[in-house]
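The listed protein sequences derive, respectively, from chains A and B.
Letter by letter, the first sequence follows residues 1 to 103 in my numbering.
Letter by letter, the second sequence follows residues 104 to 603 in my numbering.
To be clear, the hints were calculated from the coordinates, so they are not data collected in a lab.
Glycine included, every Cβ here is placed at the ideal spot set by N, Cα and C.
Some hints could be false.
If you want a taste of the chain B side facing chain A, the calculated C-beta under 7 Å gives, among others [said to hold, decoys possible]:
#1 Ala-160
#2 Thr-346
#3 Ala-415
#4 Met-435
#5 Asp-443
#6 Asn-447
#7 Val-452
#8 Leu-455
#9 Lys-466
#10 Tyr-474
#11 Tyr-481
#12 Leu-494
#13 Trp-592
#14 Leu-603
Which residues of chain B face chain A? A partial, calculated answer using Cβ under 10 Å [stated by the list, open to error]:
#15 Ser-315
#16 Ile-348
#17 Pro-422
#18 Gly-438
#19 Arg-440
#20 Val-446
#21 Thr-473
#22 Gly-486
#23 Ser-487
#24 Ala-488
#25 Arg-524
#26 Pro-528
#27 Leu-596
#28 Ile-597
Here are the computed lysine to any residue pairs in the SDA-like style, where the Cα-Cα straight-line distance is at most 20 Å [said to hold, decoys possible]:
#29 B:Lys-201 / A:Pro-87
#30 B:Lys-217 / B:Gly-157
#31 B:Lys-373 / A:Leu-49
#32 B:Lys-201 / A:Asp-91
#33 B:Lys-192 / A:Asp-78
#34 B:Lys-373 / B:Lys-201
#35 B:Lys-520 / B:Lys-373
Given next are the chains, with one letter for each unit.
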Amino acid sequence: MPAITREEVAHLARLSRLDLSEDELVHYAEQLDVILGSVARVSEAVQQLGQGQDIPPTSHALPLVNVTRPDVERPCLDPAEVLAQAPAAQDQRFRVPRILGED
Amino acid sequence: MAFDGDLTKSTAAALAAAIKAGDVSATEVAQAHLDRIAKVDEKVHAFLHVDADGALAKAAEVDAKRARGEQLGPLAGVPLALKDVFTMKGVPTTCGSKILEGWRPPYDATVTRKLREADVVILGKTNMDEFAMGSSTENSAYGVTRNPWDLTRIPGGSGGGSSASLAAYEAPLAIGTDTGGSIRQPASVTGTVGVKPTYGGVSRYGLVAFSSSLDQGGPCARTVLDAALLHAAIAGHDPLDSTSIDQPVPDVVGAAKLADVKGMKVGVVKQFDGEGYQDGVRSRFHEAVDQLRGLGATVVEVDCPSFDYALAAYYLIAPSECSSNLARFDAMRYGLRIGDDGVNGVEEVMALTREAGFGPEVKRRIMLGTYALSSGYYDAYYGSAQQVRTLIMRDFDRAFADVDVLVSPTTPTTAFKIGERVDDPMAMYLADLCTIPTNLAGNAGMSIPVGLAPEDGLPVGLQIIAPSMADDRLYRVGAALEAALNTTWGHPLIEEVPSL
């Protein structure tokens, strides 16, 4: 049985905000199945190399700490320069498509 | 005194010295490189954007500084090719993606700022796999880059534009980024030098993020000393990057000049040899290890069993982080927007834009990461991958308790043919087999050329790995080996690259 089906890929595409074509859904289902089949070895690795010990996860090579700066005014990006790069702008704001549903 | 020799074939160190001495002007140096790009880049396609005006303006500034008698920095007036993943104010920055076509960032990355402050002349932006995802530069939305050693072959990736620009003599220095090997593997297959500094050693501010816990900018050059000079120019603490290490930069330039391995202990990684490794890669690698022994290093074999699982862990961790990082490309504030017809809602516009703007590898990784992070699969995939990361760091700790550096081939094969692996993601991913553990552990790695594989005449790279914040050891070993090999060959390997 494949690790991942066409329907699951369609669900992932929705979550990922990708409007995939039917051909892409089929193609990615095949490829992701191969990749997942291969990377699933990580569970086996933990069992074999961990020798039954509880291995803590590492999310980052460095110990992460919050970095703050003094709350003082400093120059920010020029609004005109930033908005010049926007797909659409209006009244010194980003103009976006409708964000609420029809109903 | 006039400059003796071809400006484009000179090292960065020699160019800087000649400019400082007044033997050549920075403007002449910049123009020679722009002319070279105009002549050969049609064949190589290392650059996505050439900033001739900006480069000449900077060069003129350096010449004016010198004329005023001001002190020039160690790389003043030296041209450089910048990977198109770093922002540069007002200059197009695409990351090799259609979703950022035409974007001109309103700010400089810290690396870009430091280069400007060092009076480095930025020639332009180099081609790359889209958002640095790939090992061949074939995933760029703007066409392939060709390897100057053989134009039918890949220049490595994701930083194939940067590595190719060096091997094609279009620039003496380049900047890359390395998330799983994207500086070292391109260096290996183009016969150049590439360094992934310690994670946190070079600021990521303004480096468009792919996998934030792994991404690291670093220097690319044709010699170890040039790489060290560039490393010193871009490294150091940056308050704008919360993962930037607040410690002095290791003395990489001093180490490159020392170039001595006497008394050092070198570990050969047992896992990175044997089946799957090209014969010529293995033979050149082992000859180079013999050279190290001859230079006075002690060589031992080191067993790192977790490294067999590094690739699998990486292809869960990197896509997971990428699926989150690339959510920022939402078609709202910059970049491409598709389907904004007054009828479609914001989520439809996002999905249409991302579908049109991202290429296949990026989509594949976003979905893979979304899957690995989803409830029900998280523990088996992402959770286990993070545990493997712990095991890899433990193997490194154990190894570095005994040896000063580790060595391995940089990548299992020489440059493969363009098109050979594009439809087989797993075969493509194998190119990063030996480089990935370093990214997962956050330590430092370098690739230097150690010869040509007899069967195909293509460059082979040797990887050196050092503990975190011991980047200087890379340069010490790299420079010693480079000097010994140059003596053996009678000239630097790069001089054997075919003329274009």
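Verification of the supplied hints:
The criterion of a C-beta within 7 Å of any C-beta in chain A is not met by B:Ala-160, whose closest approach is roughly 20 Å, and the hint is violated. Annotation: interface hint on B:Thr-346 holds; nearest CB of chain A at approximately 6 Å, less than 7 Å. Hint status for B:Ala-415 relative to chain A: holds, with the closest Cβ pair at about 4 Å, below 7 Å. Checking B:Met-435 against chain A: minimum C-beta separation of about 5 Å stays under 7 Å; hint holds.
The beta carbon of B:Asp-443 is positioned within 7 Å of a beta carbon in chain A (closest approach about 5 Å), and the interface hint is therefore held. Evaluation of the B:Asn-447 hint against chain A yields a held restraint, the C-beta minimum of about 6 Å falling below 7 Å. Given hint, B:Val-452 at the interface with chain A, holds; its Cβ is 5 Å from that chain's nearest Cβ, closer than 7 Å. Hint on B:Leu-455 holds. Least Cβ distance to chain A is approximately 5 Å, under the 7 Å limit.
Hint on B:Lys-466 holds. Least Cβ distance to chain A is approximately 6 Å, under the 7 Å limit. Hint on B:Tyr-474 holds. Least Cβ distance to chain A is approximately 6 Å, under the 7 Å limit. Given hint, B:Tyr-481 at the interface with chain A, is violated; its Cβ is 11 Å from that chain's nearest Cβ, farther than 7 Å. Taken as an interface hint, B:Leu-494 checks out: its beta carbon lies about 5 Å from the nearest beta carbon of chain A, inside 7 Å.
The restraint placing B:Trp-592 at the interface with chain A is violated, with a minimum CB-CB distance near 37 Å, outside the 7 Å limit. Because the beta carbon of B:Leu-603 sits about 36 Å from the nearest beta carbon in chain A, more than 7 Å, this interface hint is broken. For B:Ser-315, the interface hint holds, since its Cβ comes within 10 Å of a Cβ in chain A; the closest pair sits about 9 Å apart. Given the 10 Å rule on beta carbons, the hint for B:Ile-348 holds: about 7 Å separates it from the nearest Cβ of chain A.
Here the hint on B:Pro-422 is kept, as its CB sits about 9 Å from the closest CB of chain A, short of 10 Å. Checking B:Gly-438 against chain A: minimum C-beta separation of about 7 Å stays under 10 Å; hint holds. Taking 10 Å as the C-beta contact cut-off toward chain A, the hint placing B:Arg-440 at the interface holds, the least distance being around 3 Å. Given the 10 Å rule on beta carbons, the hint for B:Val-446 holds: about 8 Å separates it from the nearest Cβ of chain A.
Of the supplied interface hints, the one on B:Thr-473 holds, with its beta-carbon coming within about 5 Å of a beta-carbon of chain A, less than 10 Å. With a cut of 10 Å, the hint placing B:Gly-486 at the interface with chain A holds, because the nearest CB-to-CB distance is about 6 Å. Here the hint on B:Ser-487 is kept, as its CB sits about 4 Å from the closest CB of chain A, short of 10 Å. For B:Ala-488, the suggested interface contact is upheld, since its CB lies about 5 Å from the closest CB of chain A, less than 10 Å.
A hinted interface residue such as B:Arg-524 counts as satisfied when its beta carbon comes closer than 10 Å to some beta carbon of chain A; here the least separation is about 13 Å, so the hint is violated. Taking 10 Å as the C-beta cut-off, the interface hint given for B:Pro-528 holds, the closest approach to chain A being about 6 Å. Hint on B:Leu-596 is violated. Least Cβ distance to chain A is approximately 32 Å, over the 10 Å limit. Of the supplied interface hints, the one on B:Ile-597 is violated, with its beta-carbon coming no nearer than about 32 Å to a beta-carbon of chain A, more than 10 Å.
The suggested pairing of B:Lys-201 with A:Pro-87 holds, with an alpha-carbon distance near 14 Å, which does not exceed 20 Å. Between B:Lys-217 and B:Gly-157, the direct Cα distance comes to roughly 16 Å. Compliance with the 20 Å bound is thereby established for this hinted pair. Simply put, B:Lys-373 and A:Leu-49 have alpha-carbon atoms about 16 Å apart, close enough for the 20 Å limit, and the pair holds. A distance of roughly 28 Å separates the Cα atoms of B:Lys-201 and A:Asp-91; the hinted pair therefore is violated under the 20 Å criterion.
Between B:Lys-192 and A:Asp-78 the alpha-carbon distance is near 12 Å, which keeps this suggested pair within the 20 Å criterion. Our distance criterion of 20 Å between C-alpha atoms is broken by B:Lys-373 and B:Lys-201, whose separation comes to about 42 Å. Taking the CA atoms of B:Lys-520 and B:Lys-373, the gap is near 28 Å; set against the 20 Å cutoff, the hint is violated.
In this structure, the hints that do not hold are numbers 1, 11, 13, 14, 25, 27, 28, 32, 34 and 35, in rising order.
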